[in-house]
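Asker: What follows is the residue order along each chain.
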Amino acid sequence: MSGILIKNGRVIDPANNIDAELDLLIEDGRIVELGHALAVADAEVIDASGLLVTPGLVDIHVHLRDPGLEYKEDVISGTRAAAAGGVTSLACMPNTSPIIDNLAICRYIITKAQEQGSANVFPIGSITKGLKGETLSEMGELKEGGCVAFSDDGVPVVSSELMRRGLEYADTFDAPIISHAEDLSLVGSGVMNEGPVATELGLKGIPWVAEDAMTARDIMLAEFTGGRLHMAHVSTRGSVELVRQAKARGVRVTCEATPHHFTLTDEAVRGYDTNAKMNPPLRSQQDRDAVRAGLADGTIDAIATDHAPHHIDEKNVEFAIAMNGIVGLETLLPLTLQLVKENVIDLNRAIALMTCQPARVIGIDRGTLSRGAFADIALINPDLEWELVPEQLHSKSRNTPFAGRKMQGTTMKTLLAGNIVFER
Amino acid sequence: MNFSHRHVLGIKQFNADELNFILDTAESFKEINTRKIKKVPTLRGKTIINLFFEASTRTRTSFEIAGKRLSADTVNISGSSSSVVKGETLEDTARNIESMHPDIIVMRHGASGSSEYLAARLDCSVVNAGDGTHEHPSQALLDAFTIRQHKGEISGLKVAIIGDITHSRVVRSNIDCLNKLGAEVLICGPKTMLPPGLERLGCRLVSGLTEALTDADVVMMLRIQRERQGKTLIPSLREYARYFGLNETNLKLAKPDAIVMHPGPMNRGVEISTAVADGPQNVILDQVENGVAVRMALLYLAAGGEQQSED
Ligand SMILES: [Zn+2]
Numbered sequence: 001m002s003g004i005l006i007k008n009g010r011v012i013d014p015a016n017n018i019d020a021e022l023d024l025l026i027e028d029g030r031i032v033e034l035g036h037a038l039a040v041a042d043a044e045v046i047d048a049s050g051l052l053v054t055p056g057l058v059d060i061h062v063h064l065r066d067p068g069l070e071y072k073e074d075v076i077s078g079t080r081a082a083a084a085g086g087v088t089s090l091a092c093m094p095n096t097s098p099i100i101d102n103l104a105i106c107r108y109i110i111t112k113a114q115e116q117g118s119a120n121v122f123p124i125g126s127i128t129k130g131l132k133g134e135t136l137s138e139m140g141e142l143k144e145g146g147c148v149a150f151s152d153d154g155v156p157v158v159s160s161e162l163m164r165r166g167l168e169y170a171d172t173f174d175a176p177i178i179s180h181a182e183d184l185s186l187v188g189s190g191v192m193n194e195g196p197v198a199t200e201l202g203l204k205g206i207p208w209v210a211e212d213a214m215t216a217r218d219i220m221l222a223e224f225t226g227g228r229l230h231m232a233h234v235s236t237r238g239s240v241e242l243v244r245q246a247k248a249r250g251v252r253v254t255c256e257a258t259p260h261h262f263t264l265t266d267e268a269v270r271g272y273d274t275n276a277k278m279n280p281p282l283r284s285q286q287d288r289d290a291v292r293a294g295l296a297d298g299t300i301d302a303i304a305t306d307h308a309p310h311h312i313d314e315k316n317v318e319f320a321i322a323m324n325g326i327v328g329l330e331t332l333l334p335l336t337l338q339l340v341k342e343n344v345i346d347l348n349r350a351i352a353l354m355t356c357q358p359a360r361v362i363g364i365d366r367g368t369l370s371r372g373a374f375a376d377i378a379l380i381n382p383d384l385e386w387e388l389v390p391e392q393l394h395s396k397s398r399n400t401p402f403a404g405r406k407m408q409g410t411t412m413k414t415l416l417a418g419n420i421v422f423e424r
Numbered sequence: 001m002n003f004s005h006r007h008v009l010g011i012k013q014f015n016a017d018e019l020n021f022i023l024d025t026a027e028s029f030k031e032i033n034t035r036k037i038k039k040v041p042t043l044r045g046k047t048i049i050n051l052f053f054e055a056s057t058r059t060r061t062s063f064e065i066a067g068k069r070l071s072a073d074t075v076n077i078s079g080s081s082s083s084v085v086k087g088e089t090l091e092d093t094a095r096n097i098e099s100m101h102p103d104i105i106v107m108r109h110g111a112s113g114s115s116e117y118l119a120a121r122l123d124c125s126v127v128n129a130g131d132g133t134h135e136h137p138s139q140a141l142l143d144a145f146t147i148r149q150h151k152g153e154i155s156g157l158k159v160a161i162i163g164d165i166t167h168s169r170v171v172r173s174n175i176d177c178l179n180k181l182g183a184e185v186l187i188c189g190p191k192t193m194l195p196p197g198l199e200r201l202g203c204r205l206v207s208g209l210t211e212a213l214t215d216a217d218v219v220m221m222l223r224i225q226r227e228r229q230g231k232t233l234i235p236s237l238r239e240y241a242r243y244f245g246l247n248e249t250n251l252k253l254a255k256p257d258a259i260v261m262h263p264g265p266m267n268r269g270v271e272i273s274t275a276v277a278d279g280p281q282n283v284i285l286d287q288v289e290n291g292v293a294v295r296m297a298l299l300y301l302a303a304g305g306e307q308q309s310e311d
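Going down the list, the sequences are from chains A and B. Residue numbers are given in this note's numbering: position 46 of the first sequence equals residue 46, and the series is strictly consecutive. Residue numbers are given in this note's numbering: position 44 of the second sequence equals residue 44, and the series is strictly consecutive.
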């Protein structure tokens, strides 16, 4: 039985408080040994000198668009993009066609990922059937079938009563509810963050209070029901603060932030760049800094991309009618490492925010390098400089606001259960 | 035993001795129901009005038979035929009925607290046949009676109550009754159907059906109230049956001699499978049969416990 020996790398495994020069031995797709100067006869050796050896990244907010919208992305291309970004596990949102509100679609995605994918895929079931906000989905069966959480991402659950029941019902099966928080009446027909830039550009604004109001409601419902709540893509100062206060009170709430919300501001919309159009919208500098502070002080549990591929025809239109969202799997790592460079967070926290912490949110046994764990590993060169060329992305879609941007840091090799699924 | 309750409003008003006394009294009436001539003159000359503001054929019939077997004159007034539909208040309706000098009013009403409301305003005895989702003492007592019949002793038994706790008419009475009689009561259901503070009623919440059923002596399945629960509490009856329905497989978790109970009417294939509902462990029809004896005891005790001489 020949294994794989990863030698001379700097192993960072925040779940186990490891940050040391160690060798790592893989056998049968699992990590069997971590130690100094491991020597194993007939093991295949990967020299990781100068590289970080981290758990494969975990992205808990991805739109794979499969089934139904395969012209944007599918399980194969989406997981290939994941592998290229160092991501070995991802959770995919249910706004596919049909919706992930039944066992058949859940199984289809899992099976396709297992047979043809380059990453582990964990489906997120919808809270309500058909994302219609009327009746709960069969969460018990979906959880048993492999769904790890429930969300109506893309739309909020408007009825507070139904959100209450969703939190209670999901908690019956020990699953979290992921909230896409926006008060639609406040959003109105807004297309970007409400503020000076929107005023200048003459675009209708989405006020921060649209997010804060719904975040406050959902936190209150989580507090009331005792259910587990995860806030998707927090983007405002207010919602970060609401989560911070709720955690201090002991509410079972976690949250995530996207790289674009901690990197960009609504200034990026200038020029009516539809690749800077997303939901929630890019916010003010003050909001961006609050998200960064939330990452630094532990309020924010995870960095998640909200990878939202769209066809060129859906973006190459007037700003007001362009679709929301950007691809993110292949820019997650460098944009997060940029925070380390800027001393917002240290390297260990950065890795934790992309590995064990998101894994914990959705309750999966990934994101660590513990002995016995699946050998999902990223070999990262944190210093390599490269330029983002949209045509070189592995996703089917090219909608990124970071085209031409100088990036620093990338995965050199990505291993999925011991198999190399990406190599630069 | 000195039984000094003019009204039977809920289990709450009784202590363990009184509950046992009611069950013992029911025991002595039970035999009458199997006689050739199923009638004793105990309540001869008494008038009982069954005032049912909600349809409940089973409970009303059981009370009616109980009254008749004790030789009382029983009259049924249902919500639809009464003056309620004409806008009369509950108090006026009751006062009108009381003017006819009944000895006992047996009332089923959709509003929790309605039987206490009535008892506070009338001179005759009031027997609560279910007030909203508050108390349903005769059902809880017939359940206890049935358990005692099959298990001998209630104290020390593990009783699992499973289903829609929020909307159950009977479960609060059941928990209180079984708790006072010394049973360990476990409660299980989807969290959308578990109201807060259940532990304070004297039971233990468990997280899933497996834990609830394991080593249970008694399994009580509650009815899914399709008409009450609306559409936000569970996704489908199919999923409910899968995670909270009793079937031959999960019943094996309970003790081999566990009994299965259901207050009826059953949704077969939802909270209980037909195989279990008709299976060897079910005592569901015993519950119905015992209902008459228990209600005879309640009517007798509410009427003052006086024996009419046989001649
Ligand atoms: Zn969203």
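Among the hints, a few may not be true.
What the hints assert, rightly or not - Cut-off 20 angstroms, straight-line C-alpha distance, at most; resulting in silico cross-link-like pairs (PhoX-like, lysine-lysine):
no., chain 1, residue 1, chain 2, residue 2
1, B, K12, B, K180
2, B, K68, B, K39
3, A, K315, A, K112
4, B, K191, B, K151
5, B, K151, B, K252
6, B, K231, A, K132
7, A, K129, B, K151
8, B, K151, B, K39
9, B, K68, B, K38
10, A, K129, B, K191
11, B, K38, A, K143
12, A, K204, A, K315
Note that these hints are calculated values from the structure, not bench results.
Asker: Are K12 of chain B and K180 of chain B close enough, with their CA atoms no more than 20 angstroms apart?
Answerer: holds (10 angstroms)
Asker: Taking 20 angstroms as the top limit, are the C-alpha atoms of K204 of chain A and K315 of chain A close enough?
Answerer: holds (18 angstroms)
Asker: Within a Cα-Cα threshold of 20 angstroms, do K129 of chain A and K191 of chain B meet the stated pairing?
Answerer: holds (19 angstroms)
Asker: Taken at face value, is the distance from the CA of K252 of chain B to the CA of K151 of chain B at most 20 angstroms?
Answerer: Holds, at roughly 18 angstroms.
Asker: Hinted pair, alpha-carbon criterion (20 angstroms max): K315 of chain A, K112 of chain A. Please report holds or violated.
Answerer: violated (28 angstroms)
Asker: Take a quick look at whether K129 of chain A and K151 of chain B sit within 20 angstroms of each other, Cα to Cα.
Answerer: Cα-Cα ~45 angstroms, so violated.
Asker: Is it true that the CA of K68 of chain B sits at most 20 angstroms from the CA of K38 of chain B?
Answerer: holds (9 angstroms)
Asker: Hinted pair, alpha-carbon criterion (20 angstroms max): K191 of chain B, K151 of chain B. Please report holds or violated.
Answerer: Cα-Cα ~31 angstroms, so violated.
Asker: Given the hint that K38 of chain B pairs with K143 of chain A, does the C-alpha gap stay at or below 20 angstroms?
Answerer: This hinted pair is violated, its Cα atoms lying about 56 angstroms apart.
Asker: Compare the distance between the alpha carbons of K231 of chain B and K132 of chain A with 20 angstroms, and conclude whether the hinted pair is satisfied.
Answerer: Holds: K231 of chain B and K132 of chain A sit about 13 angstroms apart, inside 20 angstroms.
Asker: Would you check the hint for K151 of chain B and K39 of chain B, treating anything up to 20 angstroms between C-alpha atoms as holding?
Answerer: violated (29 angstroms)
Asker: Has the given pair, K68 of chain B with K39 of chain B, been kept, meaning a C-alpha gap of at most 20 angstroms?
Answerer: The given pair, whose Cα atoms are some 7 angstroms apart, holds under the 20 angstroms limit.
Violated hints, listed in ascending order, are 3, 4, 7, 8 and 11; each of the other numbered hints is respected by the structure.
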